[in-house]
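Numbering-wise, the working numbering puts 46 at position 46 of the sequence shown, and it's gapless, one number per residue.
Just so you know, these hints were derived from the structure itself, not from any lab. It is possible that some hints are incorrect.
Simulated restraints, written as ranges between beta carbons of each label pair [to be verified]:
| no. | residue 1 | residue 2 | range |
| --- | --- | --- | --- |
| 1 | I15 | Q55 | 44 to 52 angstroms |
| 2 | Q55 | A24 | 43 to 51 angstroms |
| 3 | G16 | P52 | 48 to 56 angstroms |
| 4 | A41 | G16 | 53 to 61 angstroms |
| 5 | E39 | Q10 | 40 to 48 angstroms |
| 6 | A51 | P20 | 13 to 21 angstroms |
| 7 | V14 | A41 | 31 to 39 angstroms |
A virtual CB, placed ideally from N, CA and C, is assigned to each residue, including glycine.
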Amino acid sequence: MADSNDVAAQRIEVIGDATPEQVAALVAVLSAASGGAVEVAAPRHTSQWSAPARQHRKPLTPGTRAAATWQHSLRP
Numbered sequence: 001m002a003d004s005n006d007v008a009a010q011r012i013e014v015i016g017d018a019t020p021e022q023v024a025a026l027v028a029v030l031s032a033a034s035g036g037a038v039e040v041a042a043p044r045h046t047s048q049w050s051a052p053a054r055q056h057r058k059p060l061t062p063g064t065r066a067a068a069t070w071q072h073s074l075r076p
């Protein structure tokens, strides 16, 4: 059984005169293709002030609280 840390090495040979930019691009592509460990971000604690549901208007309710109804009509 193979260990999960074993990596199959492949030989890559660059033929011709490669510029430093071409070599850097090749290294970047091969590094990205190697699929190293992915770091999982911790869940962020967000405040209720920034919640998307807070942007929606609440329905206005008629009744004895008329002053409060007018106050809520101007707020999101």
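Hints, verified against the model:
{"no.": "1", "hint": "I15 with Q55: 44 to 52 angstroms", "in the structure": "violated (59 angstroms)"}
{"no.": "2", "hint": "Q55 with A24: 43 to 51 angstroms", "in the structure": "holds (45 angstroms)"}
{"no.": "3", "hint": "G16 with P52: 48 to 56 angstroms", "in the structure": "holds (55 angstroms)"}
{"no.": "4", "hint": "A41 with G16: 53 to 61 angstroms", "in the structure": "violated (42 angstroms)"}
{"no.": "5", "hint": "E39 with Q10: 40 to 48 angstroms", "in the structure": "violated (25 angstroms)"}
{"no.": "6", "hint": "A51 with P20: 13 to 21 angstroms", "in the structure": "violated (49 angstroms)"}
{"no.": "7", "hint": "V14 with A41: 31 to 39 angstroms", "in the structure": "holds (36 angstroms)"}
Against the hints set out earlier in the document, violations occur for numbers 1, 4, 5, 6.
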